[in-house]
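With the sequences and hints as input, model every part of the structure.
Going down the list, the protein sequences come from chains F, S and H. Its first residue numbered 1, the first sequence is counted upward by one per residue in UniProt numbering. Its first residue numbered 1, the second sequence is counted upward by one per residue in UniProt numbering. Its first residue numbered 1, the third sequence is counted upward by one per residue in UniProt numbering.
In short, the hints are calculated from the structure, not lab data. Where hints are given, some of them may not hold.
[Said to hold, decoys possible] Straight line, CA to CA, 30 Å or less: simulated DSBU-like cross-link-like pairs of lysine-lysine: (1) H:LYS44 to F:LYS231; (2) S:LYS248 to F:LYS458; (3) H:LYS599 to H:LYS586; (4) H:LYS44 to F:LYS458; (5) S:LYS266 to H:LYS63; (6) S:LYS172 to S:LYS10; (7) S:LYS248 to S:LYS10; (8) F:LYS458 to H:LYS58.
The residues making up each chain are set out below.
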Amino acid sequence: MSLAVPNGLDNSVERPGTRAPLVLGESSYHSITEAVCKIAENPPSKLWVISFLVAVHLATMLGLCIAYLFYTGVGVWGNRNPVFWGWPIVNFVFWVGIGHAGTLISAILYLFRQEWRTSINRTAEAMTIFAVVCAGTFPGIHVGRAWLAFWLAPYPSLNLWMWPQFRSPLLWDVFAVSTYATVSLLFWYMGMVPDLATFRDRSKNPFRRAVYGVLSLGWSGSSRHWMRYEKAYALLAAFAAPLVLSVHTIVSFDFAVSQVPGWHTTIFPPYFVAGAIFSGFAMVITLMVPARAIFSIEKLITIRHLENMCKIILTTGMIVGLAYGTEFFIAWYGQVTEEKFAFINRAMGPYWWAYWTMITCNVISPNIFWWKKARTTPWIMFVVSIFVNIGMWFERFVITVTSLSRDYLPSAWAYFEPTWVDWAMLIGSFGLFFTLFLLFCRLMPIVNMAETKATLAKELHMAHKDGH
Amino acid sequence: MSHHQAVAPKPADDPAFTMPALLSGMSLPLCIGGLIALVGGAFLGTTSLGGKFGMSAYLTAYMYAFTIALGSLFFVLIQHLARAGWSVVVRRVAELMMVMLLPLALMFLPIAFSVWNGSLYSWTDPGYQAEHGVPAAVWAEKIRWLNPQWFTFRALLYFGIWCATAWWYYSKSQRQDETGEVTLTESMQARSGPAVILFSFCTAFAAFDWVMSLAPMWFSTMFGVYIFTGSILSAHCAIALLSFVLQKQGAIRDEVTIEHYHDLGKLIFGFICFWGYIAFSQYMLIWYANIPEETHWFAGRYPGFSDTFGPIAIALMVLHWGLPFLGIMSRHVRRRPWAVAAWSLYILVMHFVDLYWAIMPEANLGAGGVVGVISSLLCVIGMVALMLGLVIVVGSGTRLIPVRDPRLGESLAFENI
Amino acid sequence: MSETKPAPKTVADGNTVHGVVAEFSDVDSLLAACERVRDAGYTKADAFTPFPVHGIDKALGIKPTVLPWIALTAGAIGTCTALTMQIWMNGIDYQYIISGKPYISLPAFIPVSFELTILFASFGTFFGMWALNGLPRFSNPMFTSPRFDRATDDTFFLYLDAKDKRFNEEGAKALLGDLGGAYIEPVVEDDSPKKIPSFLLIAIAVVIAFSMIPALVVARMRVTKSSSPRFHIFPDMDFSPAKDAQQISTLFADGRAMRPDVPGTVSRGGLDWDVDFQTGIDMEKLAQVDAPRARQLVAMMQSDTEVVEADGEVAGEEEAVKEVVEETTEEVQADEPSTDEPSADEPASEEPAAEEPEAEMTEEAEAPAEEEPAAEETESTEETPAEEEPAAEEPAEEEMTAEETPAEEPAAEGPSEEEPVAEAKTEEPEAEASKPEAPTALAPASGPTVDTTPWLTDNPLAIDAAVLQRGQQQFNIYCSVCHGMNGRGNGLVNQRAQRILATTWTPPSNLHDATLYQDVYPDGKLFGTISNGVRKMPGYAAQIRAKDRWAIVSYVRALQASQNASLEEVPASQREAIEKKQSEVKAELEKAAAEEAAKAQKTAT
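Right, dumping it as C-alpha cells:
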C-alpha cells in the first residue's frame, strides 16, 4: 500500500474566487458507484483477511477478559484505593471522545455547508458508532455487577422500590451516551439508505438483494422522498450537533462537578469537546489514509479532504493547548493550595512522564501542520494522527489518575499500577473497534455515493457554466 | 446544484456602495452627543455614587462596545480562515466595526488610569487583604499578577495585537477594493490562523484582567469563553442590524439578500445556544461543587441573595436565552430581514444586561437607585452613539462591501439549501 | 410514492398501468423536462434520481413538508417527559437528600431533559420522515422494470402518474418524447407472486415456537416452587469465602481472615498506649505475679501495633511507647510462624479456633529466652505512665480553672445527694424485696475465687468536677438503665424484669453494697468490670472510651460516698447551703408528718 500522492490528484491548491474540485479524475456518476460498490462486491483482499483475523482475535481477547472480570470481580483491574477510576474510565472517555468526530463531521460540517464532508462522513459516522460501542463497554463492566446494569434505567421496579438518582452526573452520562448512540445510529443508517438501495439494485445474488432490499426499505429515489429525506437529514444534523457537544460536556461533568483538585474547573465542558473533536479527527485520518490507498478511492477522498482535517486537528490542538495553559494559570491565579498542588503534581509529580507525553503529542506534534507540505503528505499526517491518539489517551489518563492518586488526604496517596487485564482490555477494545470497522468496509457503502454525486453534479454544472 | 444565475457585481464605484447621506450627516451629532452622554453618565455616577460606581458604569459601557468590536474582528478572521464565500457582502460592515478597536484602545485610558488611582478594581485597594482576611502568602502571589504596572503592560500588549490585526486586515481589504489583487486574499487567509490563536489568547486573558479581576479572589477558567460567546453573538447581531439599517437607507440593497440574513440568523441562533451552553455550564459546575471560593461570585448575583441582580439572573436565563431561542428557531423568521434585524436589536440589548449583571455587582451599590440606572444607561447609550458615529465616519471614507473580492460573485449568488 | 393507491386507468397486456416513465441522462435536461411537465398542468409527476437534485422541488411544484413541526412536537414532548419524570421520581415519589441539593434541582435536571428532547425529536424526525414517505414499501411498480435499477446509479427518471387528471397514456408518452426522454415505458403492476413461500412461513413459525421456550420456562419457574437452591447464573459474590474473625483463611497471604488495620492509619482514639489505663491493672506487678497473663494482655492491647513500625513518627512522641511497640512487634514476628504452622501441618480448620491463642501462650511461656523481653516490657510499662503524666495533667489544669468557679460543684453534687434520699423513701418496699437476693447473687463473684490481680487502686484520672460530670452523664446513659440513677440496682430494666418475673434475670448489683467499696473492690477492678462485664452484664469497652470509663468509676465512687458522707467532708464554703437545704427538707418532712398525723387523728376521731 502506498501512502504517497498519486500524480494529478493534488487539489489542495485553491485560487480565491474558484473552488477546487472535490471529486477528481474523469469521474462520472457511474464511476463513483463503481468505485464504492466494488469495495464490497469484490472478494476480500489478503490484507483485509489478515487484518480481520488479527482484529477478531483481539476482540475475542477482550471478550475473554470481560468473562474473567465477571467471574472474578473488579479486583482484576489495577483500580485500588485511592484510584478507583483507573483505565476503564480512561478508555471510556478516550473512545467516547473519538466517537464524537463522526457525528460532528457529519452534522456540524453539514450545517456549515462544508462540502468536503461528503466523501468522509460515512466512514466517520461508522467510526462513531463503533467507538461508542467500545466506549459503552467500559462503564458497563465498570459498574461491578454488570448484569444488574439495567438498574440504571428509570423503570418501576418491584424489587428495588426506588428510582435512580437524577442529580448525579453518572446518570446523566447514561442518558447522554445512550441518546448519542441511538441518534448517531439513526443518522448513520438514514444517510446510508439511498446507498443501500444502490447496493440492492446492483446485487446479482438474490440473497444479497433481499438483505439489502430490506435494509434500504424500498427506497426508490423519488423526488418527494428526497425532499423529505433532506429535510429530515438537516433536522437530524441540527439535533446531532448540540448533542455531540452535550455528550462530551456531560462526560466532563462526571469529573468537573466533583471537588477533586484538577477535576473541578469550569473550562472542562468546552475543553473536553475540543479534545473530543481533536482525537476524533485524528482517528478519522488514521483510518482514512490507509483505507483510501487500499480501496483506491483517492479520487473521492482527496488530498484536500485530508488537508482540511489536518487544519481542524491543528486548530483543535491549539484550543486544547490553550485550555491546558488556562487551567495552569488559573490554578496559580486562584491560589487554592490543593488546586495548585494538583497541577504542579501533574507536571512534576510521579506521573510527569504521562503529562509530558500528553503535551508532546497533543500540543507540540500537531504544529507540524503549519507547513502545507505536512498537511498534504499522507504518511506524515498518519504518523501525527497516531501521536494525537496516544496523546489524547494520555490526557484522559492524566486527568483521571493523577488527580485521584493524590488528592486532599496525603496519607491515602498511592501510585496507580495497571494489571495485565487493563492492558489486554485496552488492546482488545481496539480489536473490537477494528473488527466492526473492517466488517463495515466489506458490507456497507463506505463513501456516501449519493452526496458525492450531488457534489459532482454541482462541479459539473460549474464547469459547464465556465465553459460558456 | 444551483439553478440560480451568477450575479455580476456592480461596478466598484456604484453609488450603492457609499454611505447614505442621511447617515453621513448624523455622524458628527452622534459623536458629540455620544461623548457628552458618556462623560455625563460617568460623571453623574461618580459624583452621586462614588468613583467606583461611575467607573463601573463606564467599564460596562466600554466592555459593551468593545466586545462587539472584538467579535467583529473574530468574524473577519474566521471568514478568512474558513475561506468563506457567502459572507463577503457583509464582511465590510464587520470590518468597519472591527477598526473601532483603535478608538476603543484610547477609550481604555480611563480604565488604565483607574488602576493607578485605585477607583475601580478592588485589588488596587491596599486595605483589601486585611478587610477580607486573605492570607498574606496568597495575597503576595495574587498581586504578582494583579498590580498596576503589569496590568497596564498586559493591556498594552492585548491592544497592540488586536489593533495591529484589525488595522492590517482593514487596510488589506481596502487595498483590494482598489486593485482587486487575488494575492491579498491569499495572504489574509494565510495569516488568519496565527491571528486567531493570538486573538483567543488575548481575549481569554483580557476577560480575566478586566472583568474577572473585579472580584479579585474569584476565578473561573471558563470566564474568557463566557465573555467571548457574548462578544461573537453580539457581533453577529450588530452586523445584521447595521446591514439592515444601511439597506433601509438605500445602500447595498441588491447585495445583501434574504439568504445572507437567513445565514446570519442561523449563526445568531447557534450562538444564542452556545451562550446558553457556556453560561449554564459555568453556573452548573460552580453550583454543583458548591465551593465557597467560587460561589461567592454567584451569591452576589443570585435570586434570594441580591434583590437587584437576582431577578436579572432569571431574566437573563429567560430573555437572553429562552425567548430568542424560540423566536429565531423558525426558518420563516430567519428569512425575513426585518425580523432578523429586530431580534438582533433585542439581543444587543440583552447583551448589555448580561455585561451589566457581570460587572455592576462588584461596585457594591446594587443598581444605585434611579440615579445609578440613569448613569449606567447614559454611559452605554453614549458609548454606542459615539461608536456608531465613528463607524459612519470611517464608512463614509470607503465602500460598504469589498467590491473586488474574488469571492464576491459567489457571495452574491449565494443561496441556502 | 406517498400518494394513495393509484386508480387504474389503462390496462395493457392484462396488467394495470400506473403511469409512464422516461429516462434522462443528466440533471439539466431533467430539470427542464420537469418544468415543462409542471407547466403542462401535471400535478402528480415525480422524478427518480440517484441523488437529491437541487431545485427540483420548485421544478415539480412539490410543497414543503410538515416534518419540522413533527420534530418540534416530539422534542417538546421529550422535554416534558424528562422534566416530569425527574421531578416525580426524585422530587416527589422517592425523596432523598444527596450532596445537599434540593429534591427538585432544576440545574441538575437539565442534562437529562436536553438529552431526551433531542432523542424524542430525532425519533420524530426519523420515523416521521419514513412514515410521510410511505416507507418501508418493498413492492413498488417502479421496480418491475430492470432499467429502473439504474435510478440509484446514474440515470434520472421522470414519471407521470396515471392518477393525474391530465393523464392519458399516449399523450404522456408523446410529451415525454418531446422533452427528450429515452426509453419511454408504461409502468405496470408488479406481477410477481404475492404469496409468501410456504417454506418461509414454516421457518418463521419454527423460529417463533423456539423463541417461546425460554419465556415459557421462565413463566413456569415463576409459578412453581422448588426446594433446591437457586441458579447462580452470575456469582454475585454468593460464594465469597466468608470467615469468622479468628479463622484461618487461604484468601490472604498472611493466612488471617481478619484484616489488620491499614498501614499508616490509626483508628480513632487508638493513640493511647497506656496499658494500665486501658486495663485497669498494674501491669508491672502482674508481670511479676503472672507473666504469661501480662504478656497476653499486652499483646491483646497492642495486637494491631505491628503496623506502627511503618509509621513510627506517629507514636514517636514518647520513647517508652516506642519501646513497647518494638517489643510487641518482635513478638508478633515471632508469633507469625507459629500461627502459620498449625494451619499448614494439621487439618487446622477443624480445630476450634479459640484454642489457638492459648496454644501460643504456652509455647511462649516455655521458651525461656522470651522471658527477657517480658521483663523489659514491665520496665517500659513502668516508664509509660510516668511519661504520660504530664500529658494527663494538662487537661487537669484546665479543669482546675473550672473548679475555681464554686457554683459548679454543689450543682453537680447537690442533686446526686438528694436523689438517693428521695428515692430511697419511695422505693423502699421494692428495694427491700430485692435485697435478700442480692448477696446470694454476688456471692460467687466475690466469694470463693481469690482474685490475685493487682488492680489499680486509684483512678488514674485527675478527679475534678468536669470528670465527675462526665462520669455522671455516661453513667446515666449506659449504667442507669439497670443499676438505676442512684446506683441501687433498680433501673428500669430491672423493674421490668421483676414485673414479668423473668427467670433468667440476674438482678444488677446494688452499687452501695459494702463489697463494692474501694477498699475491697479497687478502682481498677471496677474499671475492669465496666470494660469486660461480669455475670450477665456485658462489657462496655467497645462503647465507652477508656477515659469515660474511668470517669464512670469516679462517679460511682461519688455515688457510694454520697450515701454515708458526713457534713465535714463537704467543703466549708458549701456546707451552709447544704445545711440550709437540709433544714428546709427536714422542716417540710416534719410538716408533712405533722399533717399526716393530724389527718390520722381526724380519721381516728
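*LYS599 of chain H and LYS586 of chain H: Cα distance at most 30 Å?*
Judged against 30 Å, a Cα distance of about 19 Å means the pair holds.
*asked:* Between the alpha carbons of LYS248 of chain S and LYS458 of chain F, is the straight-line distance 30 Å or under?
replied: Cα-Cα ~35 Å, so violated.
*Verify the proposed pairing of LYS266 of chain S with LYS63 of chain H, using a straight-line Cα cut of 30 Å.*
holds, 23 Å
_30 Å Cα cutoff - pair LYS248 of chain S, LYS10 of chain S_ = holds, 19 Å
_LYS172 of chain S and LYS10 of chain S were given as a pair; does the straight-line alpha-carbon distance stay at or below 30 Å?_
holds, 21 Å
*When you check the alpha-carbon spacing of LYS44 of chain H and LYS231 of chain F, does it fall within 30 Å?*
holds, 21 Å
*Under the criterion that the straight-line Cα-Cα distance not exceed 30 Å, is the pair LYS44 of chain H, LYS458 of chain F satisfied?*
holds, 27 Å
*Hey, LYS458 of chain F versus LYS58 of chain H, does the alpha-carbon distance stay inside 30 Å?*
At roughly 17 Å apart (the allowed maximum being 30 Å), LYS58 of chain H and LYS458 of chain F satisfy the hint.
The structure shown violates just one earlier hint, number 2.
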